[in-house]
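With the hints as constraints, model all of the structure from the sequences given.
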Amino acid sequence: MHELEKLIVDWVSEFIEEPDVSPADNFLDLGGHSLLAMNLNTRVQQHFGHELDVKVLFEESLGSAIAELHARIAGEPTA
Amino acid sequence: MNDRISDFRLTPEELATFEEQGFIGPIKVYEPEEMERRWNQIRRAIPDRSRAIYPEDALGAVTNLSNYDRHLDIDLLSEHIMQRAIVERVASILGPDLLCWRTEFFPKYQGDEGTDWHQAATFAHSSGRPQIRWPAENDAPAFGGTITAWTAFTHSTKENGCLQLMPGTHRVMNYDESLGMSYNPDTINKREKDSVRRGFFGYDYRELQKDPDWRPDESKAFSLVMQPGECVIFWSTLMHGSLPHTGGPKDYRMGFATRYVPTQVEVYPDLGDVSEYGGTIPLDDYASVLVSGKDEYGINKLTDRNRRGHQFTPWDFRESFSS
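Listed in order, the protein sequences are those of chains X and P.
The first sequence begins at 0 in numbering that gives the first Met the number 0 and counts up one residue at a time.
The second sequence begins at 0 in numbering that gives the first Met the number 0 and counts up one residue at a time.
Since the hints were derived computationally from the structure, they do not count as laboratory data.
Worth double-checking, as some hints may not be accurate.
[As the list claims (entries may be wrong)] Once the Cα atoms are required to be at most 25 Å apart in a straight line, the calculated PhoX-like pairs of lysine-lysine come out as: (1) P:157 with P:249; (2) P:249 with X:5; (3) P:157 with P:209; (4) P:219 with P:209; (5) P:249 with X:54.
This is the structure:
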C-alpha cells in the first residue's frame, strides 16, 4: 500500500469509526454516507488540493477511488 | 365488485381519522430488505448529476437544493413517487387528479440539531415567495398546503432524529409564512428551544409565529419511529419537526419526502427560480409529474418521463373511486 493510499484509508477508518478498513472495501458498504464523504474530501482537499471523485468512491473500492485521485494529482490520464 | 376495490384506497374510517389527526401512518411501502436494497442503489446514483435538473452549486450550509427533485433523473426515485401504496392513499384524500410537485431528501447526521416545529401552507416560509397556490375561494386565498409522504429510507429512531408530529394541529396555522425569516447559518446546531436543540436549516421558524409569545404545546407531540420502507402521509400544515441526532456516525437517518397537490393547484406561480437555505435553483428545466388521473386545468408544466427516459404512467383511480 503506497503512502497516499495508507493515509486516506486511515482517514476513512477514523471518520467511519471502523478499525479494519482495507483498500478493497467500498465506502458505502463500510457505513459511509454523503456527509462523511464530504468531511473526508475536505481533509483530502486540504492535503492534496484535489478531492476524491465521489462517484468512484461510492461505486467502486476505496483503492480505485484513491488510484483515480493519485492519477489526477500526478497528471496522468485515468483508465 | 371486489375486483374494483383497490388495496390502498383509504376506508371511510381511515379518512375520518386522517381528517381528525392530519396524518396516517406509518404504512409499509417496501419491506425493510427491499428498502435497503433500493437505498443502496439510490445513494450510489446520487453523485451522478449528469441528468439532474438543477446545477450542482446550489449548496447552503446544511441544505443541498441541487438534490431537490432527483425523481426527475434517478429511476428508482421516479418509481417511488408513483408507488401505488402512496399515490392511491393520497388520491383518497385529495381526489384522483394528482401532481407530484417536489421531492426532497431529509438527512440527519451525527450531531445534527432537530428541526423546528413548523407548518407549511404556501412554502413561502424560507424563500419569501409562495411555491404553491390553491385556487381562491370567495375571492380569498384558499387554505392549502400539500400532502407530504415522508418515507424512511433508513431506520428512523429517537436517537437518529425521527420525525415528530402533533396530531390534530393541521387546520389552524400558528405561523404566517409571509412574514419572512432571516437566514443565519452560524446558528445551526447552537440553539436550544424548550430544552431541545432545534433549528430550521439556518432559519429560526419562531420568526414566523403569528403570536410571538405562543409556544408549541410539546405535550401534544409524539415521536414517529419507523422502519426502512415505512411512510407517513400528512398535511404539511400539521405541526411537525424532528429530534436532534444523538447517535453515532454511521447511524444516519435518511427521509425522502414526496409532495402532492391536486391538479388545480398552481406550482411555482410566477417564479423563475427558488432561493432558500443559502442556495438558488433555476426552474427552467422543472416540471411537475402527473401521478394519477388527468390534468384538466393545464396551468402547470408537466413531464411524462424523467431525464433518462423513464416513463411516468399516471394511475387511474376514477373508476374505483366512483364505485
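Verification of the supplied hints:
no.	hint	result
1	P:157 with P:249	holds (15 Å)
2	P:249 with X:5	holds (22 Å)
3	P:157 with P:209	violated (30 Å)
4	P:219 with P:209	holds (20 Å)
5	P:249 with X:54	holds (19 Å)
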